[in-house]
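**Q** Listed here are the chains, written in short residue letters.
There are 2 protein chains.
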Amino acid sequence: MSFEITDILLEEIKVHIRNEDDKILLELFEDVHHADVAEILDEVNWDEALYLLRLLDSETTSEALMELDDDVRERLLDSLTPKEIAEEIEEMDTDDAVDAIAELDSAIQEAVIEQIEDEEHKADIREMLQYDEDSAGGLMAKELIRVKETWTVAGCVREMRRQAEEVTRVHSIYVVTKEDVLIGRLSLKDLLTSDTKTKISEIYIPKVDSVHVNDDGEDVAKLMQKYDLEAIPVVDDEKKLLGRITIDDIVDFIRDEAKEDYQLAAGITQEVEADDSIIELTRARLPWLFLGLIGGVGAATIMGGFEDILEDYALLFFYTPLIAAMAGNVGVQSSAIIVQGLANDDVKGSISNRLLKEMALAALNGLLLGLALFAFTALWYRNEPDSLHTALAISISLFAVIIMAGIIGTFIPLFLNKRGIDPAIATGPFITTSNDIFGILIYFWIAKLILF
Amino acid sequence: MSFEITDILLEEIKVHIRNEDDKILLELFEDVHHADVAEILDEVNWDEALYLLRLLDSETTSEALMELDDDVRERLLDSLTPKEIAEEIEEMDTDDAVDAIAELDSAIQEAVIEQIEDEEHKADIREMLQYDEDSAGGLMAKELIRVKETWTVAGCVREMRRQAEEVTRVHSIYVVTKEDVLIGRLSLKDLLTSDTKTKISEIYIPKVDSVHVNDDGEDVAKLMQKYDLEAIPVVDDEKKLLGRITIDDIVDFIRDEAKEDYQLAAGITQEVEADDSIIELTRARLPWLFLGLIGGVGAATIMGGFEDILEDYALLFFYTPLIAAMAGNVGVQSSAIIVQGLANDDVKGSISNRLLKEMALAALNGLLLGLALFAFTALWYRNEPDSLHTALAISISLFAVIIMAGIIGTFIPLFLNKRGIDPAIATGPFITTSNDIFGILIYFWIAKLILF
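Line by line, the protein sequences give chains A and B. The first sequence begins at 0 in numbering that gives the first Met the number 0 and counts up by one. The second sequence begins at 0 in numbering that gives the first Met the number 0 and counts up by one.
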């Protein structure tokens, strides 16, 4: 099924744009899927993209625009007049339209909305702009098929045909009262097989799941995943049907959340792409690096405090990067498992039980790693004075540091979660840095205790 | 809409199981969604779960089983007889059935398949067991609605009604030739609005996307996401319709992939949950920790090689954890951005351009961090001999190490990707460890150059 965007095709498109061969271009783009149009807009240069955007019909370009990265879309739309933007918005589903408008400069938002010709669409957009972006209201679209319980099957089919023109995918037919209160849904099978004079109230299914317009988007995503729902209606306080959320929006939501968590774990504070500018990338990366710098200075200061044993036990100092690395790695592992467990609601039971388990786990790992390190250092430095003693000090300290790192890595995300803070922030550099400092402190304390 | 699984409810269920109040239990579970049944099976103890599994009808339990974690399901099924397992399998969609059977001990797989009564289901399962788990064939289900082009609308509706009983969700109606070759799809709207005597061949849409049964699952996931497809048909070499893949399977696929990448970044080698046993968790965590240990020993050996400057420049040694931490953090950031970019097909252009950009970025970050470190160390140690000189050496080395870390973090995933190896493996401990070693080596080299 794949449509390939080759360099040759791109070159051809560029030439046609240069020659303003509008007719050829329109023919060329006739059967191209909007996702592919988006890819082409992304590959050509700025002026070429604008040329295509103005040439192609809004139905194609509006969908292509929604496939682009937020910042590319924002910049492209900013180059259009409010009238031109409104034409694109006109063709979008309400949820996309609201997303696109929300990204615009607040100064021109009103001007764009004013230019929308379809009064119903305009009113829907105004209503939806009020909902929080991450709430059910912010995720839903107004487009759906609703039928009144008082209608007959024949009337219903007629109405559906009209409504279906505005709805990309049908998913479900929702049944409402005269006052628009959601009371059930209709199965296509029943609709197909009932006599055309049957009343909807006789054949609808009164069981229907719904979410409230103010519900948190993440909760809606979990619900839809848990119950394998492809669409869920959104209602207000009076159970009036406001819109519906479809699974494709949730797929994007899940992907974005996963990306964000992954980047947080890697020490990147805001969503960036490989192709972003160096300034944007620096802004996203520098904060955690700076935190790491402070941690390193802390570790250096601690080591300075143990300078008196430097002459006799230089070996201890050589093993500080190892200690810091192990403390960091164990901490990141522990926190990653807890953060994922929390995200999937898998982490139950008391915090103290978790910590006990993590201690046992860290003790086992620490024992194995400590033994390996002892075997190596005892052998490698066997000709140096006091080598066995030093090897023992390093290994036992490593054991203690690993246990501490596991506890900190488990405790911090659990603690943040209890406080209502996203625990994902606790993975990566945050844990690494705190474990570096504590690790080196504990290491020298214990080593000194053993050696003196 | 939420059904709450409270402690009180669980206690009640446990009491009823103890008293073998089957009638009450059956009533209690009557309207419970299978996802909630799964949660209850997860919360009660082993014998209680088995009791419920045997008591409740297979239609409910088979779906609940598919919601459980793989290992829990596997253990539960292992406690049942082949006959009992076959009853569960009988109620599953073919894709779930095959997943469940593939998890069983190979010794009893055949015995279970033998016990399946529905011959068509049995044949489908045997066919599907041949496909690779991660291919389109492994992801698809055989259940779908197919109509022949020669049928009339009336015959089609009649057939659909029959087929729909086996299909949970309709999504699309596929049109095939007499030889079962996929030639198009049918819109419900057209079906609803055409005369009952119309031939399907007159109203079907001849444009339909499909994937080949051997296509890679990840590619199918990308395709369905790109084109916002909710279902896609799967065909063989002769374009014969074999099955279809639905978006809910892809959601699970995306989630699993994201989880795996996240865990790799955190240094966890196999999929684990917070609730897994200490042995399982150790097996997943120890390999990378061991790698970290080797890296640390390498760093210590390098530092031992610079022992001759220890007496005069102890400060250099105090800053090794800082150097190692910064090298690790920068490397993880760089690799995470590249790994994500590769996963989303965002990374285009030549490797050398990427490396140049990363060098510029690292140089900017390194300059800012180096200046900060210089300011601090020059001030903090201002009373020590040769402090300005040492501060300069540490800061310039940090600058060099950051550039190196960025290059390694960018190069390794790009290189692995070119070689066809999953670049996600390059994040986390792998990058951290190699950067630790190289970082400390470069740090001492440059510092020595400056100081002597």
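Where hints are given, some of them may not hold.
Since the list can't tell identical chains apart, any single copy or any two copies may satisfy a pair.
BS3-like, lysine-lysine: derived pairs with alpha carbons at most 27 Å apart [claimed, not checked]: (1) Lys-82 x Lys-356; (2) Lys-13 x Lys-225; (3) Lys-417 x Lys-258; (4) Lys-258 x Lys-356.
Everything labelled a hint here was simulated from the structure, so no lab data went into it.
**Q** A separate judgement is required for each hint: does it hold in the structure or not?
**A** Here is how each hint holds up against the structure:
Within a single copy, Lys-82 and Lys-356 get their C-alpha atoms no closer than 62 Å, and across copies no closer than 38 Å, so neither meets the 27 Å cut-off. In this assembly of identical chains, the alpha carbons of Lys-13 and Lys-225 lie at most 27 Å apart only when taken from different copies (24 Å versus 47 Å within one copy). In this assembly of identical chains, the alpha carbons of Lys-417 and Lys-258 lie at most 27 Å apart whether taken from the same copy (23 Å) or from different copies (23 Å). In this assembly of identical chains, Lys-258 and Lys-356 lie within 27 Å of each other by CA distance solely across copies; the values are 22 Å between and 29 Å within a copy.
Of the numbered hints stated above, the single one contradicted by the structure is hint 1.
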